[in-house]
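J.: Hey, can you work out the whole structure from these sequences and the hints?
2 protein chains.
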Amino acid sequence: MPSSSTAQKLAKGQKEISVSEFFEKNRQILGFDSPVKSLIMGVKEAVDNALDACEEAQILPDISVKIDRVDQKEYRVTVEDNGPGIVSTSMPNVFGRLLYGSRFHAVRQSRGQQGIGISATIMFGQITTGKPATARSKVEGAEAAKEIDIIIDTKKNMPVLLREDYIPWNDVPHGTRVTFYMNGRYVNGRQSVYEYLRQTAIVNPHACITFIDPEGKKYVFDRATDQMPPRTKEIKPHPDGIELGTLMNMIKATKERSLVKFLQNDFNRVSERVAKEICSASALPETTRPTHMTLESCKQLLEGIGKVKIMAPQVDCLSPIGDKLIRKGLKHVLEEVKPEFYAPPVTRDPKVHSGNPFLVEVGIVYGGGLPKDQQVQIYRFANRVPLLYQQGACVITKAIENTDWRRYGLEQRGGSGIPFGPAIILVHVASTKIPFTSEAKEAISSIPNIQEEIQLALKACGRNLKTHLNKKERKSKTRAKFEIVQEIIPLMAEKTASILDRPVPDLRGTITKIMNVVWIDDQVKFEKGRHKVKVSIYNYTPKQQKFSVHTIVPNGCLDEKSCSLAPTDVRDGEKVSWELPRIASTEIYHLTYELSGLDADMYQEVELYVSGINPVDVMGADPLPGDWDVEGLNFTETEAEEPEEEDADEEPDYDESGEDLNDDQ
Amino acid sequence: MPSSSTAQKLAKGQKEISVSEFFEKNRQILGFDSPVKSLIMGVKEAVDNALDACEEAQILPDISVKIDRVDQKEYRVTVEDNGPGIVSTSMPNVFGRLLYGSRFHAVRQSRGQQGIGISATIMFGQITTGKPATARSKVEGAEAAKEIDIIIDTKKNMPVLLREDYIPWNDVPHGTRVTFYMNGRYVNGRQSVYEYLRQTAIVNPHACITFIDPEGKKYVFDRATDQMPPRTKEIKPHPDGIELGTLMNMIKATKERSLVKFLQNDFNRVSERVAKEICSASALPETTRPTHMTLESCKQLLEGIGKVKIMAPQVDCLSPIGDKLIRKGLKHVLEEVKPEFYAPPVTRDPKVHSGNPFLVEVGIVYGGGLPKDQQVQIYRFANRVPLLYQQGACVITKAIENTDWRRYGLEQRGGSGIPFGPAIILVHVASTKIPFTSEAKEAISSIPNIQEEIQLALKACGRNLKTHLNKKERKSKTRAKFEIVQEIIPLMAEKTASILDRPVPDLRGTITKIMNVVWIDDQVKFEKGRHKVKVSIYNYTPKQQKFSVHTIVPNGCLDEKSCSLAPTDVRDGEKVSWELPRIASTEIYHLTYELSGLDADMYQEVELYVSGINPVDVMGADPLPGDWDVEGLNFTETEAEEPEEEDADEEPDYDESGEDLNDDQ
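Chains A and B, in that order, give the protein sequences. The first sequence maps to residues 91 to 755 in my numbering. The second sequence maps to residues 91 to 755 in my numbering.
By construction, these hints were calculated from the structure, which means they are not laboratory data.
Taking lysine-lysine and the DSSO-like style, the derived pairs with C-alpha atoms no more than 30 Å apart in a straight line are: (1) A:Lys245 <-> B:Lys105; (2) B:Lys345 <-> A:Lys245; (3) A:Lys163 <-> A:Lys308; (4) B:Lys102 <-> A:Lys342; (5) B:Lys102 <-> B:Lys246.
Predicted model, so just to flag it, every value in this text is computed and none were measured.
T.: This is how it looks when you write it as structure tokens:
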């Protein structure tokens, strides 16, 4: 075939593709790639919208989801909320048009951002069942609800209304209900509608979600709190990592008439001083007219921005889940498993990717009934939405794989890959803009900044885990030694005595000589809302001992009156020190205290430190850290018995994290 | 905030988002999520287009890629081809508009299908550098080339031409050149422009690709063949798995006036007989007017289609790489590693997903210098395009993870996950429509049909690997035994004889008694284009033996005249049998033959079978399989010495593959 005719032929075939036609043919991109997943996707899009709308209006969400089986393949899904409702003239576009929405241009954390989800769901329903969707909505004060039957003209990406009615909806002051039909498959298990709703409830404890499954079984995920998460604030773009194109668009669109005003008023965290600094770093006059700026001066400006240190964004555009809730959430999931340990969750400060603030939270659960010989389970959340699919494509998974978990007590071949062990790792990324890998919003892209933050959070939480595992191991070793010494030696003595027909000798001195250590053990009991702590100090050295113990308690929780010995110092409400009385050789001393105002799981382990004694002689407590700064008490022996490895390798740790971030294999 | 005002506020914020505006904000979806990857993506989109255009016009592709560094972050990329060129009026839309193209509606294998790639690249370049792209194209017979400087108005998704010229391009009869600037980072290594081009060359051996890197270093991937792959045929949709929505669209669009004609003329593989069968299975009259069909009758029709068996699609709409080329490709990559074994590649017959034909090819390389203690390497290809990123999101990876590789000789904890061992697994999926997980075209969605086909191909190829590993192990064991017997016994005899001062006895009888086996060994040499095979049969039993040996050779390659013993039977040009002469105890018999017309690596191992002898007495050959069907020769002993496990578990294997396909964790 001569090539000119091919060119002609190709030219003839070339045409525009409407966005809905594109997704009609590529619905796997929207997440509709298997019957099981399609049903989950449909529910998810509707529920995400409901939660967003309620939060926007600061209404405690009441959401109900109902799935009915129509025939072997077809299901009817109904999602209803008590949100602010949708203005009736907007309804056709909201439900019947792809790439249409209100949250796309806002710099602020929300679930839906693309303007694709619900209309794509309705389109998928229409493709697989031929049936229209029905949407009903009522705004506060309206006399009736508007109800429409809607399909999408995919060639044009425009809504087509098959019916339009105003109907009374008296029992509902305001809210939205959407019903659609789709081919799918309803299943139970780890990737299911039920699981999606359960995990949604975990990270949205202010919502009440009712679910009726195809068998008619009703589940209620009740709200755990009446407190709305604070409404996230909409902010201006942060200058960090902003792109030339975005900057040029902003310059084109600004109403300001000087560069310095533009910087100051159109960006987050740019004060007049910072704006002036940027101008000077860019070698551009502060009075430059934005309209007069050329490609070259825009590039200069971008470079200038890179040179000036700008404050991190405020956290109030984001809605982190928070320590307490992460614990609660994890506990909630794990009722049956009874894990041994919840590593204190880590919430990092906000950072910025391409001008969008984000933050990372990590929690780890360990032991108990969790399976020992399998890969750890990963719970991923983005803006309080659980991510059930595409784990392998997600930066969260990559960050976990690129962390050397052997340092934190998990098994991991070659120091990379998903580690093995009885653990669950929960990661939440919150951002004004989550960079998803596709419109299905199942996985977060491998943006280097984000991966680095996740890795730092994982390491911090990993160290919490390791501290626990170290302590556990140390204790169990000491205990084993103790048991052997205390059981075997008397038995040997008895046997020998009986053979030699002599009296059994007093062995306390002997045992002491063998142990030659001060052993500190602790117990925590939770009773009637109080944590009762007992610290037992065994002096198994041949001489008397006099030293101090120190501990850290959650701020303000120590009931000083409950202490069996008055503390010599309580610093910042959390650092507590006791100077112990002399303990004679072979004697035991018990120190008790109580904490109040904490949930049962918020104080599981006692962090104990000692001073005034050579730490080499102590088991069960670490030497007091140098930064504790207890006057006159600090005992600074040069060699500590067992240096904490984690501290030693913290530095190389951080260095590594910068590498290979682009390799997302 | 009262909810009605929220509804109003939300309504005000709602607006349409242009597709280019959407991707401008979500460029990670297009694959532009890190500087390294962005540069690769840009090159890839331009090269994919060039290859598609050349194949369309059946021109042997000459493609050159040049990357220049402009400054620390900015690069200039130029890609030129000798394709048919682009008609000048089409150029603005092709380069300056997203969702615009010629291949979107065609049912046929091609690289570009979305109408997004090159315009997205130009848009990304413009966002990061502010600079326009330059495109030049000339069609055959034209006097001059048209050249344009182009940017995209992202708010409108429309091209804006900054310059438009006709210029002479005398040394080029036809072709296209595109130059764009973008921020990026040029690296070497496993995920790099160089690697992308190298892997592209592997699976497109008809293309000559020249690459000049930013240092000015020039690489030429020369073409390995002058034979174009056959032009893939455009076909009509196949009825298998077609969706209701698509069916209804087709019914709406058809020019046919009866159902039976519609089925017959608008679908692939529907003859008049099949069309009538479908009508009857759907309980719809053959004369039904398509325009009169309701939702209900469309659903009936869909059910009817599901009940009728329809031939698999022709393979000529697809362009598989093929056995020979897969081997060549792998050899090419692995020059330095010198693998021990190339498992015979497997190409499966075409199947259908949602009306789109597809097929799967798999090759495995084992041993040699490949690292033993790491995960196997995975090479993924889709429609002859290498997939470098998002391995974890790809159905290919999932299929590999869900295969129990322990059965095929690789190490794999718990029988799932990416296996460990010195191996490379290559998988190619070819389809008229590759269901990518996102517009970046980096990973294939977990469509259950496709995953199943990949798993079947992996298992088939895995069995080839296992056969090799079994044989290797068996041989090495026998050899070890042999060596011990032949070295140690004479030494013992000598020693004993010298101590006793007696002559050393003849040990052949003793060795024979200890071995008590017929040992068959084979050697293959490749010389002057011929494979020279030597089969050595050692009778280490105490009696004479008379039996037959059989082997399978590549079809038609045996040079019968070269055989040291005339075959008693050559069946189907590939199954060869020899009746051996009597071999006395302790004697050796050598059988030699030659093959011609094969590449060196296409005959590495001799498959040997025996009959007429109890297989328990033989080492180095398996009993003749029952399906060989050699009259009078078949020796059917009930217990074979070492049953092939693979055959035994083939069935459960296939059963398993149907499960858990939806679980893409």
